[in-house]
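Using the hints, put the two chains back together into the complex; each one sits in its own frame.
As you go down the protein sequences, you meet chains A and B in turn.
So the first sequence is numbered by the working numbering: it starts at 27 and just counts up by one.
So the second sequence is numbered by the working numbering: it starts at 58 and just counts up by one.
A couple of the hints might just be wrong.
[As the list claims (entries may be wrong)] Facing chain A, according to a computed beta carbon distance under 10 Å, are these residues of chain B, among others:
#: 1; residue: TYR106
#: 2; residue: MET148
#: 3; residue: PRO160
#: 4; residue: PRO168
These are computed hints drawn from the structure, not numbers from a lab.
Where a beta carbon is used, it is the ideal one built from N, C-alpha and C, also for glycine.
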Amino acid sequence: MAELYETSDVTRERIRKYLEQGKRFDGRKTDEFREITIESGVSKNAEGSVRVKIGKTEVLVGVKMDVTEPYADSANKGNLMVTAEFLPLSSQRFESGPPKFNSIEVGRVIDRIVRESKFIELEKLCIKEGEKVWSIFIDIYSINDDGNLLDAAGIGAIAALRTARIPKYDEETGKAVHGEWTGKNIPLTKEIPLSITLHRIGNTIIVDPTREEEDVSEVRVTIGASESYISSMQKGDEKALKIKEINEMIDLSEKLYKKILLKIEKFTK
Amino acid sequence: MAKKDSFERPDGRKLDETREMKAKVGIIPNADGSAMFSFGDTIAIAAVYGPKKMHPQHLQDSEKGTLRCTYNMLSFSVTERIKPGPSRRSMEISKITEWALSPVVMIGQFPNTVVDVHINIIQANASTRCAGINAAAMALAHAGIPMKDMVSSVSIGKLDKTLVVDVSKAEEDWEEGEGATDIPMSFTHNGELTHLQLDGKIKREQLKEAIEMARKASMKVYEVQKKALEEVKG
Chain A
27 MAELYETSDV TRERIRKYLE QGKRFDGRKT DEFREITIES GVSKNAEGSV
77 RVKIGKTEVL VGVKMDVTEP YADSANKGNL MVTAEFLPLS SQRFESGPPK
127 FNSIEVGRVI DRIVRESKFI ELEKLCIKEG EKVWSIFIDI YSINDDGNLL
177 DAAGIGAIAA LRTARIPKYD EETGKAVHGE WTGKNIPLTK EIPLSITLHR
227 IGNTIIVDPT REEEDVSEVR VTIGASESYI SSMQKGDEKA LKIKEINEMI
277 DLSEKLYKKI LLKIEKFTK
Chain B
58 MAKKDSFERP DGRKLDETRE MKAKVGIIPN ADGSAMFSFG DTIAIAAVYG
108 PKKMHPQHLQ DSEKGTLRCT YNMLSFSVTE RIKPGPSRRS MEISKITEWA
158 LSPVVMIGQF PNTVVDVHIN IIQANASTRC AGINAAAMAL AHAGIPMKDM
208 VSSVSIGKLD KTLVVDVSKA EEDWEEGEGA TDIPMSFTHN GELTHLQLDG
258 KIKREQLKEA IEMARKASMK VYEVQKKALE EVKG
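The shape of chain B in the complex, shown without the other chains (with noise of 0.2 Å):
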C-alpha cells in the first residue's frame, strides 16, 4: 500500500508517531496498585484492589480468580456532559478490558477473589479506552498481581487511505475521502493479539499491516510501562 507522504495529521504527527505519553505509578495510596496513562490530552487513571473475597457470594468461582474492569468516563472529561452512571458503551468497554488484560494475569491459585480494576477517564481526546487498558494493566503489575506479560495497548486509524498510529478525537471524526477508521489493539509484550476492535471501512490487506503497525507502537507503549514502572522499584 503506497504510503502518501504528503498526508498531513491534524497535529502534524508522523504517521508512526503516538502523541507524547506520559506514565505515572503509584498516584492513589488507598489502592494496592494503581497507575496513570496518558496519551496526549486523554487522560486515564486505574487502581486495583485485591485480590479481595468475591461479594456478592453467589458471583464466586470456586477453581479461580476473577478479574472484573470497570471503565467509566467522568462526566466533565468530554465536551458534551455524560449522564454519570454505567452506560451500554462503557459496559461493554469494561469487557473488552478484562478480555484484553485475562490472557496475562495469573490468579488461578485464588480461587473466589476478585481483583477489581477500576478505570477512568478524566480527560478525553480519543484512544480512551487504550489508555485505559494501559493504565491497567501497569496499576495491576504495581499492586503485585502474578503477570506473565504486560499488555499495551494502541489504536490505528485509518484517515482517508492513510494508516496513522494513536487516533486523536480530530481524526476520529476525519471525514474527507474515505472518513476514518478506528481500530483499537492491545497486544502482550510478546506480540500476541489481546484486543481488537474495529469500526469504519477497510480492505483485508490494508488491515493487516494495520495490525503490524499497531504491533510496533505497542513496543514503544510498553517501554513508557516499564520505565514508569521501574522507577518505584526502588
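The following block holds chain A by itself, in its conformation from the complex (with noise of 0.2 Å):
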C-alpha cells in the first residue's frame, strides 16, 4: 500500500524502545488519556452537536432525526444509524471517494456501543407502531487526527445525544418539522457508555495513541463499557493477543471507565 505519509521507522523504533520502559514522548504514563475537552452547539440546524478533542485529534458528531417507517424485526422503536467519514481536510493520509473500510469501521463499532448499551430508549421513540417512529442519524466526522479517533468518535456520540432534541412532529402530515424542536430531549438511559480502545505495542498495553504511536499499535481491541459490563467488543488488527492480554484489557477497562468519566464530568452534567 501507498504509505506516503506512514511514521519513520526510527521514530517507530524510538516509541517501541520507549515503551519498553513504560515511557511515552509526551511523558503520558501508559493507561493515561490526553486532555479531553467537549464543545457543544457546533451546528444549530442540528438536533444535537459537539466537538471533542482529545489532545491534537478533533471530531465533530452530529445527531439529525426524521420521522421513518420503523424495521419489519422492531416495529415498536426508532431506528439508530451511525456513520462515520474521515475527512480529507483531516489529515494528508485521507482521500476523498467512497467510504473506506476504516472509517466504515468506526461507524459499526460505535453503532454498536450506542445499540448494544441500550443507551438510547428507542422503544420510547416510536409515533405509531408500524407505521411511524422517530430515527436517529449519529454522523461523525474526522477534523483532526492525531490518533484514537475511534474513542472520540464515541465520546462524541454520546454527548451529542445528551445534547440533542427531539424535532416537532406535525400529526397531519406524518412528518417531522424540520428546524423547530419540542425542546424534550431524547430518552436515554443513565449510565453512559464509554469507548475505551486499549493497543499493544511490543508487550505494553497503552490507551489513548497518538497518530505516531497508532501508527506503532500491533493489535488494537476496542471495549464498549461502562461501569459494571461490557457490552460490546472488538479486536482489531492483524496480530495475536495471549489469553492474559485479553484478560488484563478487560480489567483495565474498568479502571479506564472511571477515569474517563471523570475527565468528561463537567461536560456530561
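Here's what the structure looks like:
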C-alpha cells in the first residue's frame, strides 16, 4: 500500500524503545488519556452536535432525527444509524471517494457501543407502531487525526445524544417539522457507555495513542464499557493476543471507564 | 459463576456442545485450495486463489504478500433475502476474517502478490463468520500456503445468565432475562486469540470465563478441521 505519510522507521523504533521503559514521547503514563474537551452546539440546525478533542485529535459529531417507517423486526422502536467519515481535510492520509474500511469500521463499532448498551430508549421513540417512528442519525466527521479517532467518536456520539432535542412532529402530514424543536430530549439511560480502545505495542498495553503511536500499534481492542458491564467489543489488526493480555485489557477497561468519566464529567452533567 | 444445570437450550444441546460440525476439503476443483465447514445448518464454503500477482498494481506491497478475504452471504442463505453485493456488514466481516487469519499465514516471502480467500455462506443459522473463518483456514492449508498454525473459530453466547457454545439463530434472538450476548472468537491451536467481537451485555469476570470456554471449544473445532485435512493427504 502507498503509505506516503507513515511514521518513519526511526520514530517507530524509538516509540517501542521508550515504551519498554514505560515512557511515552509526551510524558503520559501508558494508561493515561490526553486532555479531553467537549463543546456543544456546533451546528444550530442539528438536533444535537458536539466537537470533541482528545489532545490534537478532533471530531465533530451531529445528531439528526427524522420520522420514518420502523424496521419489520422492531415495529415499535425508533431506528439508529451511525456513520463515520474521515474527511480529507483532517489528514493527508484520507482521500476523497467512496468510504474506506477504516471509517466504515468506526461507524459500525460506535453503532454497537450505542445500540448494545441500550443507551437510547428506542422503544420510547415510536410514534405509531408499525408505521411511524423516530430515526436517529449519528454522523461522525474527523477534523484532525492525531490518533484515537475511535474513542473521540465514541465520546462524541454519547455527548451529542445528550444535547439533542427532538424536533416537532406534524400529526396531519405525519412528518417531522425540521428546524423546530419540542424542547424534549432524546430518552437516554443514566449509565453512560464509553468507547475504550487498548493497544498493544511490544509487551506494553497503552491507551489513547497519538497518530505515531497508533502507527506502531500491533493489535487493538475496542471495548464498549460501562461501569459494571461490557456490551460490545472488537479486536482489530493482524496480530494475535494472549489470553492473559485480553484479560488484562478487560480489567483495565473498568479502571479507565471511571477515569474517563471523571475527565468528561463537567461536560456530561 | 453458578451454572444452572436446569438451563435448556432450544435444541437440547449441552452448554458446551457445538452443533454437529462437518468439514470437507477440496470442494472446488478450480481453486488452489478449498473447504467447507458447517455448524449444524450454518454452512460456509471457502476457496483460495494464489499467491498471484496483485492487481491493481497500486495495491501491491513490495515487502510482503497480502492476504485478502471476502465474506459474502448468498442472497437466499437467510429467510429474508439479502440484497446481493457487498454491505457494510460483509465488508467488516471480511476484514475481521483477514485479521483472524493473518497471525498464522506466512506470506512474507511473496512480495507483490495476493492470496485471495473467497468465503460464501450458503445457508445461515447464526455463527456464520466463525464457520467462514474455519473454512478459510482449512482452504489456506489445502492450498499449501505456509502457515505456522491453524485457526479455529467458535461463538460463545450468554443466554440470560448462562454461557453456551456455538450460538444458533434461535439463541441469537434470545429475549428472556438478560437476553443474548454473542461473542465470536478465534484461536490458534497454540491458544492465542486472533479474533474477538462482542455484542450484548456481560460482566467482566463472566467474559473471562467465556474466553476460556471458547478456547476449549476451539480445540474441538480444530480436531474436525485436522481430520478433514488429513483425509486429503493421501
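Which numbered conditions among the earlier hints are violated in the structure presented, ordered from lowest to highest?
1, 4
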